[in-house]
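Below, each chain spelled out in residue letters.
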Amino acid sequence: MDAISYDKPFIRITGLKKSFGEQKTLQGVDLDIYHGETLVLIGPSGEGKSVLLKHIIGLLNPDDGKVELEGTDLSHMKERELLKMRRRMGYLFQNAALFDSLTVAENVAFPLLEAGIRDRKEINKRVQEALELVELGEHKDKMPVNLSGGMRKRVGIARAIIGKPDCVLYDEPTAGLDPIVTDVIDLMIQRLQKRFQVTSIVITHDMGSVFKIADRVAMLKNGVIYFIGTPDELKQSSDPEIQNFIAGRSGMCA
Amino acid sequence: MNFPFGILAISGRWFLDFLAYLGELGALSGQLVESIKLGAIRGRLMLQQIVTIGYGSQAVVIVTGAFTGAVFTAQSYFKFKDFGIESSVGGIVSVSLCRELGPVLAGLMVTGRVGASMAAEIGTMKVSEQIDALRVMGAHPVDYLVLPRFLAMVISMPLLISECIAFGLGASFLVGTGIFNIPYAWYWKHVVDHTGLEDVGFGMIKGFVFGILIVLISCHQGLIANNGAVGVGLGTTRAVVYSSLALLVCNFFLTFFLNYFFPLGSAM
Chain A
1 MDAISYDKPF
11 IRITGLKKSF
21 GEQKTLQGVD
31 LDIYHGETLV
41 LIGPSGEGKS
51 VLLKHIIGLL
61 NPDDGKVELE
71 GTDLSHMKER
81 ELLKMRRRMG
91 YLFQNAALFD
101 SLTVAENVAF
111 PLLEAGIRDR
121 KEINKRVQEA
131 LELVELGEHK
141 DKMPVNLSGG
151 MRKRVGIARA
161 IIGKPDCVLY
171 DEPTAGLDPI
181 VTDVIDLMIQ
191 RLQKRFQVTS
201 IVITHDMGSV
211 FKIADRVAML
221 KNGVIYFIGT
231 PDELKQSSDP
241 EIQNFIAGRS
251 GMCA
Chain B
255 MNFPFGILAI
265 SGRWFLDFLA
275 YLGELGALSG
285 QLVESIKLGA
295 IRGRLMLQQI
305 VTIGYGSQAV
315 VIVTGAFTGA
325 VFTAQSYFKF
335 KDFGIESSVG
345 GIVSVSLCRE
355 LGPVLAGLMV
365 TGRVGASMAA
375 EIGTMKVSEQ
385 IDALRVMGAH
395 PVDYLVLPRF
405 LAMVISMPLL
415 ISECIAFGLG
425 ASFLVGTGIF
435 NIPYAWYWKH
445 VVDHTGLEDV
455 GFGMIKGFVF
465 GILIVLISCH
475 QGLIANNGAV
485 GVGLGTTRAV
495 VYSSLALLVC
505 NFFLTFFLNY
515 FFPLGSAM
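Chains A and B, in that order, are what the protein sequence lines are.
For the first sequence, the positions run 1 to 254 when our numbering is used.
For the second sequence, the positions run 255 to 522 when our numbering is used.
Quick caveat, the hints were computed from the structure, so don't treat them as lab data.
C-beta atoms are modelled at their ideal positions from N, C-alpha and C, and glycine is treated no differently.
Stretches of chain B that chain A covers, calculated by requiring three or more beta carbons in the stretch to come under 8 Å of a beta carbon on chain A:
1. 374-386
2. 389-402
One-sided and incomplete, this derived list gives chain A residues near chain B with beta-carbon spacing under 10 Å:
3. M85
4. S101
5. F110
6. L169
Just chain A, with the same shape it has in the complex (with noise of 0.2 Å):
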């Protein structure tokens, strides 16, 4: 917690709107994260905390407002521009997406080519730690299509923190996983945070993972921020609508 820097935000979003067709999904949105702390970003689904973090690391491009990191608009900026930008950031995919023309190791191994690092010896002892560290060490040789959701998901992990990142994006990194491996995969993300103090945006729906990793919750409900504190605040909450979303009540009869 003290790495955590309260003074200057890390990532700037202020008044981002998004609309596909006639759905408005992100309807001017404002947040600051900061250096070096874990915010999970929970609510309903299909409110679009996928596509708000898609805008943080520019694969989507705002109607409205813009996203800052470290003073510089990303929301304007051209596509070679940004390649090098997001450099600085790792991403985990709902869906892994991994290459499935590679192996698993190629596919960790990807950040680091794409970094310019040549060096096969150090490629290959940095690609065994990160999958060691998601505990897939021995499945290095193998091609995607025969893993598991669970285990592409992993592999997804390591190749989002492969090239040491200042800042990692994870949508939804636990789902579909059983408990054992959810809190490897949320110790690590604590780890992450406390070695090399990564900041890090997690979307998930799992509360127990958000009262375990977060420094702050944010909650997003009908397109803008609906809450952001801390997770003792949200617990204490007085708001229904967030005490029904924790404990996952939905109101309806049996």
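With chain A's structure known, arrange chain B on it following the hints.
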């Protein structure tokens, strides 16, 4: 009242869509040029594509060339015999193969084989977010996917077309001299007299242009794919149909353009 305006509106919409499509292809070409200027050439990927596109397409192109050459020889022989000029079959077959049949047929076969697989592969990568994954990790999709295919295609196409022409001529020779008993020397003299280096160049240039068309159209269909498996299927179909049509239309104009530089006979 609405009748004529409705027709106008529909044809106008088609025209605008067509212009927008040309604009998108133009934008992709621009990115490709930028990519070449930046020297973002990935040798290993290009070699892999040369193997897939060039080496892998040889069998289809050879069979296409050989049987076209053989059947064209037979048909020409049947008619030419009426005029007593059957020995000149070699000349007409060789010029046609170099200038038209070689490039067009090889181009169409490559479109079906390679264009479809490019659109399907890139389209699947698009709908499964693998292209976004490339972008996230700092690789430009045009550098990584389009440029290696483009370079492999412009290198492979002229070679494939030469092969198509060579095997077409070989088959024509076998059929002409073997089945129809045209004297070997006569057959060969007509081939050499009527075929110049410019005819071969004509075919190579066409192949080069067709290669560019196939790559641009097929990769574009892959890159814009959406809507899952249905979208990839649609993109693949469009890639083959649009590439084939573009190739045939372009062939017509290219023939007139190139004939200005390499005239055939004294007609123009």
